[in-house]
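Spelled out from the first residue to the last, the chains are:
There are 4 protein chains.
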Amino acid sequence: MGASLLDRLFRTRRGRSGAALRRLGDSCDLLLGERGAANTAKIATELLQRYADLDEPTRMEFFARLASRYAPDGARVLARAGEYAESRSAESLANLLKEVEPRRQELLRRLNRAPGGTAALARMRTDLLKSLKSQPALAAVDADFMHLFGSWFSPAFLQLVRVDWSSPARLLEQIIQHEAVHAIRDWSDLRRRLQPDRRCFAFLHPTLPGELLIFVEVALLDAMPDAIAPLLEGAAAESGPQRPRCAVFYSISNCQPGLRGVSLGNFLIKRVCDELQSELPSLRRFCTLSPMPGFAAWLRAGAPFEALRLPRGLLPQAEAARPVVHAALACGELAPEAERLAMQTPALRAALLSLGAAYLCATRDGDPASDPVAKFHLNNGARIERLNYLANRSRRGLGESLGMMVNYLYDPYRIEDYHEDFVHGRVAAARELGRSG
Amino acid sequence: MGASLLDRLFRTRRGRSGAALRRLGDSCDLLLGERGAANTAKIATELLQRYADLDEPTRMEFFARLASRYAPDGARVLARAGEYAESRSAESLANLLKEVEPRRQELLRRLNRAPGGTAALARMRTDLLKSLKSQPALAAVDADFMHLFGSWFSPAFLQLVRVDWSSPARLLEQIIQHEAVHAIRDWSDLRRRLQPDRRCFAFLHPTLPGELLIFVEVALLDAMPDAIAPLLEGAAAESGPQRPRCAVFYSISNCQPGLRGVSLGNFLIKRVCDELQSELPSLRRFCTLSPMPGFAAWLRAGAPFEALRLPRGLLPQAEAARPVVHAALACGELAPEAERLAMQTPALRAALLSLGAAYLCATRDGDPASDPVAKFHLNNGARIERLNYLANRSRRGLGESLGMMVNYLYDPYRIEDYHEDFVHGRVAAARELGRSG
Amino acid sequence: MGASLLDRLFRTRRGRSGAALRRLGDSCDLLLGERGAANTAKIATELLQRYADLDEPTRMEFFARLASRYAPDGARVLARAGEYAESRSAESLANLLKEVEPRRQELLRRLNRAPGGTAALARMRTDLLKSLKSQPALAAVDADFMHLFGSWFSPAFLQLVRVDWSSPARLLEQIIQHEAVHAIRDWSDLRRRLQPDRRCFAFLHPTLPGELLIFVEVALLDAMPDAIAPLLEGAAAESGPQRPRCAVFYSISNCQPGLRGVSLGNFLIKRVCDELQSELPSLRRFCTLSPMPGFAAWLRAGAPFEALRLPRGLLPQAEAARPVVHAALACGELAPEAERLAMQTPALRAALLSLGAAYLCATRDGDPASDPVAKFHLNNGARIERLNYLANRSRRGLGESLGMMVNYLYDPYRIEDYHEDFVHGRVAAARELGRSG
Amino acid sequence: MGASLLDRLFRTRRGRSGAALRRLGDSCDLLLGERGAANTAKIATELLQRYADLDEPTRMEFFARLASRYAPDGARVLARAGEYAESRSAESLANLLKEVEPRRQELLRRLNRAPGGTAALARMRTDLLKSLKSQPALAAVDADFMHLFGSWFSPAFLQLVRVDWSSPARLLEQIIQHEAVHAIRDWSDLRRRLQPDRRCFAFLHPTLPGELLIFVEVALLDAMPDAIAPLLEGAAAESGPQRPRCAVFYSISNCQPGLRGVSLGNFLIKRVCDELQSELPSLRRFCTLSPMPGFAAWLRAGAPFEALRLPRGLLPQAEAARPVVHAALACGELAPEAERLAMQTPALRAALLSLGAAYLCATRDGDPASDPVAKFHLNNGARIERLNYLANRSRRGLGESLGMMVNYLYDPYRIEDYHEDFVHGRVAAARELGRSG
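Chains as they are written, first to last, in the working numbering: chain A, 1 to 437; chain B, 1001 to 1437; chain C, 2001 to 2437; chain D, 3001 to 3437.
Just so you know, not all the hints are guaranteed correct.
Cross-link-like lysine to aspartate or glutamate pairs, in silico, EDC-like; alpha carbons within 20 Å at most [said to hold, decoys possible]:
| # | chain 1 | residue 1 | chain 2 | residue 2 |
| --- | --- | --- | --- | --- |
| 1 | B | K1098 | A | E46 |
| 2 | D | K3042 | C | E2083 |
| 3 | B | K1042 | A | E275 |
| 4 | A | K42 | B | E1420 |
| 5 | A | K98 | B | E1099 |
| 6 | C | K2375 | C | E2319 |
| 7 | D | K3042 | C | D2421 |
| 8 | A | K98 | B | E1385 |
| 9 | C | K2042 | D | E3099 |
| 10 | C | K2042 | D | D3053 |
| 11 | B | K1098 | A | E416 |
| 12 | B | K1042 | A | E106 |
| 13 | B | K1042 | A | E83 |
| 14 | D | K3130 | D | E3083 |
| 15 | C | K2042 | C | E2056 |
Restraint ranges, calculated between C-beta atoms of paired labels, are given here [as the list claims (entries may be wrong)]:
| # | chain 1 | residue 1 | chain 2 | residue 2 | range |
| --- | --- | --- | --- | --- | --- |
| 16 | C | P2230 | D | G3025 | 36 to 42 Å |
| 17 | D | T3126 | C | L2160 | 44 to 50 Å |
| 18 | D | D3189 | B | H1326 | 38 to 44 Å |
| 19 | A | S87 | B | G1018 | 27 to 33 Å |
| 20 | A | G261 | B | Q1177 | 21 to 27 Å |
Simulated from the structure, these hints should not be mistaken for laboratory data. All of these numbers come straight from a predicted model, not from anything done at the bench. Even for Gly, the Cβ is constructed at its ideal location relative to N, Cα and C.
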């Protein structure tokens, strides 16, 4: 991003916000200078306060300034790269690295030394992500945030905590607020999810005391479940199953919009698997009961699997199933109730399961899993284990996926294989997938 | 460092350790690959165990391999630098950064995800620092360690704890073990330093549970002290001074050799100043009582201040003082006891104070403070406040500095100025310095 | 209680419960014997389980058995008393005390050594209190419970904890459940009562981990409040008053029915006064805003103050007020709304305040305060400070006391005087009481 | 104790201490009165301070005053006893109990409500125990202390904590200070006793925060040990035995002289057995390795077992052994070294083992175990399992018991039997005792 955008922004915004922006800019230079090195916490605190006082448009200008002012210098980078290419010495590499690193990174590192700095930077990135939609050139700034957040929120720093009815209310209300998959109505509903046959684990971080980063809800069962309602509404068990055999991750939710893209869920699931296995040696399977959020839309778009590459064997079934489903959907504005009844016919059931398998397993140009939930679990090294027809009869479940849900299986001995498959464009799935259900 | 060193090392070492090194190398490649991404903790744990099983020479070979194998490719870096210099786009910057970053950094980041990974990497760097002496080309590897440690041990992650007689014994024994300035003889001696008129603060880190990083010992007094013995040996006070006016940092020690060079002491002193001011509002001064470890050697070398630049005003005194001190020292192998007596003469006292001021305040080619302790405090933004003659009569104190000690003063309102002075080659000192004592 | 009741009970109940009771009785003898001394915890645990398995009538029989079987022997007590009266020696006193103490006490002490024993005994006493209504002879058993509970729940063992939004949900739900004065509707309502301008303190006990004994809710205000609604429903303050002057105890509730009669509230209020004064030195007054639960019933009974002794000065006003109030009440089945309107007339207001003062201040045969809340606070050493007309317009407030509430004032310098007054039949009240409001 | 002693004491002590005593007496009356009921903590605190300011003789006078002034009234007690003997009603029992209880008990209960009251009362009892030696009439006062301490230090309130190298130094120094069996030289010696193959458990009490009441040291071994040195000095094990089979209580020490006679050790051993069994299911035996502190003295007194009752079977051996041992001891002032050599002869060894068995197993007038350690363990329900010749070669061990030690075995299934045996004058011992060793 060149200076022109900044100039334009400055021309259009005058007066108070311009002055505020200039002062903030001065603070940045101060913080990056020697005085900032000497008294980082104080200057960083002031800077963050100045930022917090800005209105939204001025914040966007601030990001533009970060993008333009603190980028590496092209000519000098090129010179250092030449020196390194020639000598490959440790010194030339050090010089090159120093020249290449955007000075924004040091700015962010120093801001992080203010008390509460990490939380303030996470909020700042939430603003940045909004601005990014209209100003793609800010991507370079976001890359620096991501680079540092990746380091600061490394799994080495993430604290796994079990959340239960003895946890502080202040923490539990975050569970209610951030549950993104199966909404929690109130504290009684929450309590149900924390009973002895359930588990809830979260990551905390030392710089964000008392704030959840991400959490996962787990049901301890005797077998892999085929419907969500019994998990959410089943009467409260006095105690869990004596020797549960199956741990089901039925909801995973992020709590920090400013950390979008930072890898947390993958590490959480694996740490929780270890934790549960060690607490409950009877466990034999770790799986999910997951939504297929894009399935209904894909069906309504005509289930266009021609554009995709289907695994052998799924194609004939899918071709046979498409007209059946198409006819059902074509009845038009089926009221949800009617839709539900229609789906009871065995033919429709079989057809939907076939298309569900096609939807999940298809790849496009070597890029698997257009479904975001599938992409997440497959990339983690899970495999698609089973499709479950009419597993979620809630309004949202019917609307998003005609009630279909899917179990992803985490097999600790195959995680590496499946992830590698995924990276190379192959989708790991149980053999039976799409045949029955 | 080219492949030649690695080849040579490989040729000279065969058999078991060669095989162990090859297996370790394979682990590195595995960890950096997709399988490593999928199951980082497990593979990283194995790799660290393999490293721990190596003997010392093989570890050095391993570092050599890190230096050569995971360095950025000169030609590709140059190409990316050219693209960036031309377009300055976010994308070209991202490509450049990716190409420039040594892949070692990602390797270290992944190793850090093993349980206990940070501690293992700190031990690994301790080994590396030893190897570095004979293999300067490993500096590039050390630069990557430092880059990551700087991020992981950012002040945002450092936990300030007060250490007292209620602290776990496991933690207190580290104080005894690592005290580097005024040795602690035993637990009774330690107890004296933790009584109500003393404070001890340390930094902990979430990835090194129960391990001190660095600690500082503080005495709460009515005035700035001019001798160390009363602080170390003074009879135990039942309670501290009712309203102490002066907090004296009389010892600061690092506990983690693997973190050498990571900035910790500077942040610790400033956090402790804030903490103490808030606990004890009566405090008016924050200062040190510090050794001058190089003073005696410098005197014995003839106090060569001609090579230095002395502040105006100190020069005449220093010139007058040098022959006096020289005469005293020239008596040759003075037994320490005799030396002590000799130093009681007023003329010698004045001369030593003058030369002490010269020693601390002189700069060479714009580089201030050849004394390492002075360098540390001045860079932190302290100023030289007072020289104290015969302030440390211990064998070590007499040997290193003829018993001279110095108070550095931390004035919260001047820290930024003094640090800036220091960076620009000026030494901040009280006006009276070198006149009296 | 003689053996006859026990016999009768045994005759009427046969079969299983009789056998269960016999086994329980055997357990008691076992626990009191030498084997019980050797392995108390195990035998006590079994005994408590046997008790828990009894149905309600059999539990009553068990209490009857405790009353008859483990009472001191009259003849032997008399002999020992004679010996003591004669010799007054330490030995004769020891013998007497040993003979007099009902062996039930040792039984209860040994039961208390089972894990969870104290909680089980508190539940047992809850049963006993129910039985006591129909079997007054069980009072001797209850006296032993009370004697021991008084020792075990001594203030020395009570742990004062502050309850706030960071407290465990498990603990907070007890607040919702046991709030007895101003019901808490839900978690949002609870949250309001835990905000920065409120405090909540509770007593815990080491033998009942995680269980509240009693709690008090406090509002921090600028002045003594004259209505309850602003305290309960006032919009949530971001922060408390900067320098609150008045701490108002507006609700105090017991959580353990089995501890009825054990003095807890008195100690709680005084500990909380100390705690608040130390946290908030700006506080000048500690008072309550309390209900007058028996006032409406007393008015409807004709405000019979002739049977009482009224303080001088209150009598003429009360006599004048009675017909006014009587007329208002005589309108008969006034709908609450009409009642409320009627009460707006100044004459009625003045009359009700006069009678309210009479109600609270009157004594009967030297026994002050027929109102239980008044009795509690006056006995604690508080004084009646102010009557507040229409201070509680809730259905319950209007029904119990026509909306009248009262402030009791805790003046730390007068607590001893006022308590002594109370014990001698005098009611401590502000001079102005009954005049205005 | 009548008023005469008090009078006499008062006459002999005049002036300041007399006035101090009078003021303290007034405080007692105040605390027992209504004002004391209203503001107990404040008045109790003052009273305890007044007591603390007394010198030792005045404290003894204070105890005398407690004995005389707050004893029950003989005539009134007799009257109440008569009423109870006649009616046996709950009311008459309550009246009797109220009359009989020395008012001192209520005084102590109220003192216990002062902050730190329990600790102050424990110190007061330490004084009382000293006075008791010369003033046996104070036994009545001590009985009241014991009665209340028995209630307050009930096992229900005792908190079992594991002590290890992570415990606060403040707590560990109490272990060093109070170890009464095998002295701990310094912190290194302490550390040895806290390593992975050792355990240390203690009781804490909620009213004495941070103060140990009693602790026990345990070694985890493969078999029952026959000598103490390997336990105390054995090189530090990196880790404990993988699956230890035998937990050995080799030292148990009280820390609170004011709690003498309160049963703590018995409960501690049993709680620790449960705790260890649950942590280490491989444990099969719980035993001690204990001293025989009176054995040498008994031998030197001629091993007078005629005065005792010996179990059948032990007598012939003991009679045969006595002259052998007598001859060895009669050599007179044997230097310990010579003594040790002498004891190596097989004949002497067998003789000493026989007499050791006689010493431990003999009863006198139905009162078993003159050895205090034996009395403690046998009363707890342990049995004498094995005698160990020359098991303690320390100066103290040789001096007290010619180096003999004994294993007591805690068999959870026989504890009740053995305790009952002991109470009935029978000593539980392994069959083989006294035969081999």
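Status of the hints after comparison with the structure:
no.	hint	verdict
1	B/K1098 - A/E46	violated, 33 Å
2	D/K3042 - C/E2083	violated, 39 Å
3	B/K1042 - A/E275	holds, 14 Å
4	A/K42 - B/E1420	holds, 16 Å
5	A/K98 - B/E1099	holds, 14 Å
6	C/K2375 - C/E2319	violated, 24 Å
7	D/K3042 - C/D2421	holds, 19 Å
8	A/K98 - B/E1385	violated, 36 Å
9	C/K2042 - D/E3099	violated, 36 Å
10	C/K2042 - D/D3053	violated, 46 Å
11	B/K1098 - A/E416	violated, 24 Å
12	B/K1042 - A/E106	violated, 32 Å
13	B/K1042 - A/E83	violated, 39 Å
14	D/K3130 - D/E3083	violated, 40 Å
15	C/K2042 - C/E2056	violated, 24 Å
16	C/P2230 - D/G3025: 36 to 42 Å	violated, 51 Å
17	D/T3126 - C/L2160: 44 to 50 Å	violated, 29 Å
18	D/D3189 - B/H1326: 38 to 44 Å	violated, 52 Å
19	A/S87 - B/G1018: 27 to 33 Å	holds, 29 Å
20	A/G261 - B/Q1177: 21 to 27 Å	violated, 43 Å
Hint violations for this structure: numbers 1, 2, 6, 8, 9, 10, 11, 12, 13, 14, 15, 16, 17, 18, 20, all remaining hints satisfied.
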